[in-house]
Structures are given as structure tokens and as C-alpha cells.
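Peer 1: Below are the chains, spelled out letter by letter.
Number of protein chains: 2
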Amino acid sequence: MAQSYPDPLVRLISALSHLPGIGPKTAQRIAFYLVKTPREEVGELVAALEGIKQKIRFCQVCGFYSEGPLCTICSDQGRDRSVICVVEQPQDVLAVEKSSFRGLYHVLHGVISPLLGAGPEEVALDQLVFRVREGNIKEVILATNPSVDGEATALFIARKLKVFPVRITMIARGLPLGGDLEFADEATLLQAFEGRRELHLD
Amino acid sequence: MAQSYPDPLVRLISALSHLPGIGPKTAQRIAFYLVKTPREEVGELVAALEGIKQKIRFCQVCGFYSEGPLCTICSDQGRDRSVICVVEQPQDVLAVEKSSFRGLYHVLHGVISPLLGAGPEEVALDQLVFRVREGNIKEVILATNPSVDGEATALFIARKLKVFPVRITMIARGLPLGGDLEFADEATLLQAFEGRRELHLD
Chain S
0 MAQSYPDPLV RLISALSHLP GIGPKTAQRI AFYLVKTPRE EVGELVAALE GIKQKIRFCQ
60 VCGFYSEGPL CTICSDQGRD RSVICVVEQP QDVLAVEKSS FRGLYHVLHG VISPLLGAGP
120 EEVALDQLVF RVREGNIKEV ILATNPSVDG EATALFIARK LKVFPVRITM IARGLPLGGD
180 LEFADEATLL QAFEGRRELH LD
Chain H
0 MAQSYPDPLV RLISALSHLP GIGPKTAQRI AFYLVKTPRE EVGELVAALE GIKQKIRFCQ
60 VCGFYSEGPL CTICSDQGRD RSVICVVEQP QDVLAVEKSS FRGLYHVLHG VISPLLGAGP
120 EEVALDQLVF RVREGNIKEV ILATNPSVDG EATALFIARK LKVFPVRITM IARGLPLGGD
180 LEFADEATLL QAFEGRRELH LD
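Quick note, the sequences are listed as chains S and H, same order.
Reminder that position 199 of the first sequence reads as 198 in numbering that gives the first Met the number 0, one-by-one numbering, no gaps.
Reminder that position 17 of the second sequence reads as 16 in numbering that gives the first Met the number 0, one-by-one numbering, no gaps.
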């Protein structure tokens, strides 16, 4: 009979391989590492895993990560509550926060993908429509990814919100700062030229 | 104030980034994935983690993974108990099991690395010396990695066991099967030529 690892080790390797970005080799490497790791360190990881399941949920209003019913952004009265920035995933919120945007968010938790057959039911839109219908929203900024799916999703949302008296904008596509014109792809260049702006010199 | 993720999420990302082969990006990706994962699946991972800490230890005789004081290999009376194959890590045992070797093992749990300043105290040798001294061992096969450290370790062990009436061998270095002579490195070629064997035709 060919030898194999003891069952508990096989079980951990299998559980680890189900995680995104972890192949069978990395799963093994992590499992071997954890066997040698002090019990306390594994305990910290276990506590952290249980922590997210017990404490982390999605904000009832915008869908960002939250420890209570409302996330820290939606509860922050110092922010501009008349602008909503729509993003695909919760992690996109932190990316947008690096800009000077200080309004509110709406997280879609998905994207419409005509190619993969993912329709409008894949994105959480009801809450956004509700917020816009309720009023007090002046502008909805669509910040989906600059991909085929992201553009399709943005277009769908724009059509859906057309009936409301609200400004609907989309963040600009163009050459990234620090990028190189020589190595820019065609699609980006096309968008960069289409989105060209007048330079006002005085 | 710049926004960040809720504390439990930050804690999990940090715990995950300590694992080998997991960078900050992968740690985030796994954490975001786990937030959306059903509680049961995270429960399975937690149980698996606790399982290895509660159930997996190292065999008292050879150092391979084990659920009891002795591993399944050392307890197997059907194996050749007169040959010990010395490997660097527990996972090397399974690699050697792919060959036709059916003797016993000794896992060093480390390697002597002159370059990194890791001396003989880095390898678990006492138990091997004890087993060889006790007798009944006819041959010790050194199967450390074909690297500078592996060779240094093998040499050190060979010297240490010289005093005992035991045959000490080292697995062959040479061209890997399916490899290409054209792309073989110099060191491998040198070893392949040094280890050349007479072809006995009849």
C-alpha cells in the first residue's frame, strides 16, 4: 500500500486548496508549516477566521463591510450624502477612498457579464434604486471596472436610473499616470482621445 | 480620516499574510472570499486547523508525520527494517515512497547550511545515531536534496556514522529521466559523468 499523510493533514490540505489563489502545492506548504507552528499562532488564525464569521457583515445601506447594521462610511455624518459612488466589490471602496471622493457608496457585489451569461440578477441594485428614489441624491458616479463587464454593468445601471432626476456620471478612462504612451493598448488610447479636454490657458 | 476595513477583517488578512507563499494581495483575496463563504465552509477549515494541532505529531522514531507515538511506516512490520533512508523533510518521505524503496526513514527536519550559518544543531540526528548504534541496521541511504546544503548535510552524517559497521550510500545524481542533455546544467553533467556505469552486454 502506498503511504500517504495522516488523515488530519490530508483534510487540512484539502480545505486550504479550496481557497482562491491557493493551489495544491501551496496548500501542502502551508499545512506542513502549520504542523510545526506553535499552537498559539494557529489559534490566532482560527480566532481570526471565527471573528469574520461572527462580526463581519455587509452594510444594510451600501453593502460595504461592516461590524454593525451600518458601515462606518454610511454612519459618518461628515460626508457628502448627496453623491453615491457605485463600485463592483467592497474592496473597490478602499481604492476609491484613495481619491478625494468623500461621498457615499453602493457596492454591487457582482457584475453583469453578457459573455458569462450573468444577468442583472447578479448585481445588488434594489437598494441603490431605493436610495435614489427617496431623493436627496444629486449624483450617481459609476466606478465599475474598465472592462467589458464593467462597462455593460454601468450602462445597465445608467438606463435603470434614467427616470430619476439625478446626474449620472462615469469615471474617466484614459492613460494611467506614470504610464507610457508607447505601451498603451489601443482601447485605452481610443478612450483617452475620446475623453480629451480643452486646455484653458490664461 | 482614511477609511479602512473593519478590525476583524484586518486581523484575518494579517494572520493569513504570515503563512508561507501568501502575499498581502492573496491574503486579502482569501479574506474577502471567506467573508462571503457559508459559515459551515469556514467551520470546516477551522476544524481542520484545530485537527492538525490536536492530532498530528512527529513519529518518535523517524520524525515523519504521525497520529500516534509511531508513524504508520515505523509500525509496519512488513517493511525492511535493516535500511534507513535519511531525508530532509517529512514531505520527502512521500517522494521516496514513489520509488520502490520499502525500508524505514529518518527525517532530519532541517539541513546544514554553511552559507546561512546553520550548523549541525539544525538537524535531528541523535535518534538516527541511536538507531544505528542499536544495531540491526545494514545500510543508511542518504537522500538529502541535490543542493550545496543537502550535500554538506549528507557528508556530515556520513562522517558521523563512519564509526559504525553500517553501509552508507547516497542516492545517485545524474540526468533526470525525460530531461534533455542539451539543457542540462554543468554541475549535473559533471555528476552524471562521474557516476557513469559499465554497460554489461551479453
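Hints were generated in silico from the structure; no laboratory data involved.
We put the beta carbon where it would ideally sit given N, CA and C, even for glycine.
It is possible that part of the hints are untrue.
Stated by the list, open to error - From the derived model, a few chain S residues whose C-beta atoms are all more than 12 angstroms from chain H:
1. LYS24
2. LEU33
3. ARG196
Said to hold, decoys possible - Once the Cα atoms are required to be at most 20 angstroms apart in a straight line, the calculated SDA-like pairs of lysine to any residue come out as:
4. H:LYS35 / H:VAL9
5. H:LYS24 / S:PRO5
6. H:LYS54 / S:PRO5
7. H:LYS24 / S:GLY67
8. S:LYS35 / S:GLY67
9. H:LYS24 / S:LEU188
10. H:LYS54 / S:ILE21
11. S:LYS97 / H:PRO5
12. S:LYS52 / H:GLY42
13. S:LYS24 / H:THR25
14. S:LYS54 / H:SER3
15. S:LYS97 / H:LYS54
16. H:LYS35 / S:GLY67
17. S:LYS35 / H:PRO19
Peer 1: Could you run down the list of hints and mark each one as holding or not?
Peer 2: Each hint tested on the structure:
1. LYS24: Non-interface label fails for LYS24 of chain S: nearest chain H Cβ at 8 angstroms, not farther than 12 angstroms.
2. LEU33: violated (6 angstroms)
3. ARG196: holds (29 angstroms)
4. H:LYS35 / H:VAL9: Holds, at about 16 angstroms.
5. H:LYS24 / S:PRO5: violated (31 angstroms)
6. H:LYS54 / S:PRO5: With a Cα-Cα distance of about 9 angstroms, the restraint between LYS54 of chain H and PRO5 of chain S holds, given a limit of 20 angstroms.
7. H:LYS24 / S:GLY67: violated (26 angstroms)
8. S:LYS35 / S:GLY67: Roughly 37 angstroms separates the two Cα atoms, so the pair is violated.
9. H:LYS24 / S:LEU188: The hint is violated at about 29 angstroms.
10. H:LYS54 / S:ILE21: violated (24 angstroms)
11. S:LYS97 / H:PRO5: Distance ~17 angstroms between LYS97 of chain S and PRO5 of chain H Cα, so the pair holds.
12. S:LYS52 / H:GLY42: holds (9 angstroms)
13. S:LYS24 / H:THR25: holds (15 angstroms)
14. S:LYS54 / H:SER3: Roughly 16 angstroms separates the two Cα atoms, so the pair holds.
15. S:LYS97 / H:LYS54: violated (46 angstroms)
16. H:LYS35 / S:GLY67: holds (16 angstroms)
17. S:LYS35 / H:PRO19: Distance ~12 angstroms between LYS35 of chain S and PRO19 of chain H Cα, so the pair holds.
Taken one by one, the earlier hints fail for this structure at numbers 1, 2, 5, 7, 8, 9, 10, 15, listed in ascending order.
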